[in-house]
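Here the structure of chain W is known, so what remains is to put chain L in place on it, guided by the hints.
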Amino acid sequence: MRLLTYNFLQCPKTKTFPLILEPTLVETIETEYNKEFILRMIPRLDWNLVRQVSRQFAFGELPQVAPKEGTQDEETLRLLHKMLLETHIKEGVLKSQDGTCYPIKDGIPNMLITQLKDE
Amino acid sequence: MQLWQIEELLADIKTFENPNVFLEQYTTPPHIAAYLVQIAENSFGDLKGKLVADLGCGTGMLCAAIHYFGASSIVGVDLDESALSIAKQNIVKCDLQVDLVQSNISELFFKSAMFDTVVMNPPFGTRRKGIDVVFLETAIEVTYPEGSIYSLHKTCTRNYLHKKMLQWKCEGEVLGKFMFNLSKTFSFHRKESMDIEVDLWRIKKKKR
Numbered sequence: 001m002r003l004l005t006y007n008f009l010q011c012p013k014t015k016t017f018p019l020i021l022e023p024t025l026v027e028t029i030e031t032e033y034n035k036e037f038i039l040r041m042i043p044r045l046d047w048n049l050v051r052q053v054s055r056q057f058a059f060g061e062l063p064q065v066a067p068k069e070g071t072q073d074e075e076t077l078r079l080l081h082k083m084l085l086e087t088h089i090k091e092g093v094l095k096s097q098d099g100t101c102y103p104i105k106d107g108i109p110n111m112l113i114t115q116l117k118d119e
Numbered sequence: 001m002q003l004w005q006i007e008e009l010l011a012d013i014k015t016f017e018n019p020n021v022f023l024e025q026y027t028t029p030p031h032i033a034a035y036l037v038q039i040a041e042n043s044f045g046d047l048k049g050k051l052v053a054d055l056g057c058g059t060g061m062l063c064a065a066i067h068y069f070g071a072s073s074i075v076g077v078d079l080d081e082s083a084l085s086i087a088k089q090n091i092v093k094c095d096l097q098v099d100l101v102q103s104n105i106s107e108l109f110f111k112s113a114m115f116d117t118v119v120m121n122p123p124f125g126t127r128r129k130g131i132d133v134v135f136l137e138t139a140i141e142v143t144y145p146e147g148s149i150y151s152l153h154k155t156c157t158r159n160y161l162h163k164k165m166l167q168w169k170c171e172g173e174v175l176g177k178f179m180f181n182l183s184k185t186f187s188f189h190r191k192e193s194m195d196i197e198v199d200l201w202r203i204k205k206k207k208r
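In the order they appear, the protein sequences are chains W and L. Each step along the first sequence adds one to the number in the UniProt record's numbering, with nothing skipped, and position 5 is 5. Each step along the second sequence adds one to the number in the UniProt record's numbering, with nothing skipped, and position 201 is 201.
Don't take each hint at face value.
[Stated by the list, open to error] Below, computed lysine-lysine pairings styled on DSSO-like, alpha-carbon distance capped at 27 Å:
id, chain 1, residue 1, chain 2, residue 2
1, L, Lys154, L, Lys14
2, W, Lys15, L, Lys207
3, L, Lys205, L, Lys169
4, L, Lys88, W, Lys105
5, W, Lys105, L, Lys14
6, W, Lys68, L, Lys48
What the hints contain is simulated information worked out from the structure, not anything from laboratory work.
For reference, chain W alone in the conformation it holds in the complex:
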């Protein structure tokens, strides 16, 4: 799971956002930089969370205000690309505020709150 996808996940049980991410295995996989895509994603992200994740993963300090269309701040956009699209969580856990844990195994978060049963 890339960090971009993490930014879209909420707790299915309590509908709270964000979930706390505690990674145990992280991998970087390079992918083509697409400035337009990053710019389009920024308004959908919770900028406070993005800044926090940037610190958590040692990407450094992001500006207080999110870059907008027409920005000259290429450095921040490149950093966002690296962080959101190239950083993959392979193993770890997502924690909800009520303490519910959603494990991430082999890169796949398990967000199930009820078990499947045949009718």
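This is chain L only, laid out in the frame that chain W set:
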């Protein structure tokens, strides 16, 4: 990309080993997957450079098709661990830009209005009545206001879905009709194969 080229690429996608009856695990036939993505991109520009979700992705047939049409980021969601593990193999083998999430589509695990496009082949609702509608409701919830949804449904539900669209304040259009040939996958299928009529829908939220 031409239809035959994409069909050829999709021929490499591994499908269900032991399909689950309850979950109605039918693989989207490659020619239908190819047609769907081709119309989504070439007629409407809904895939290239977009953030796309596939709800009920199974082993990733549609995810792969979406990838080959240039989506920037794809998230495939499924309930079933064994389907996801095959999807994972497909992603690695074909080097696809796809994230997988294990979740129940009826439990909202995505924030609202995140995805540019949702592409899906949900269960038809034969085994669990109304599950097709649940998938559509989730798709509408997670799609960006300007976004589009592509979804396959039994033709016999067409009038019912048209009424639902009004309730949901959405505009739905049937882009095409297919014969979905289901070979004898499950023991309750009496015939060796049967054809069912399936509509391809394109759904947009109405501007408020």
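A quick look at each hint next to the structure:
| no. | hint | in the structure |
| --- | --- | --- |
| 1 | L:Lys154 - L:Lys14 | holds (25 Å) |
| 2 | W:Lys15 - L:Lys207 | holds (26 Å) |
| 3 | L:Lys205 - L:Lys169 | holds (6 Å) |
| 4 | L:Lys88 - W:Lys105 | holds (12 Å) |
| 5 | W:Lys105 - L:Lys14 | holds (21 Å) |
| 6 | W:Lys68 - L:Lys48 | holds (22 Å) |
The structure agrees with every numbered hint stated previously.
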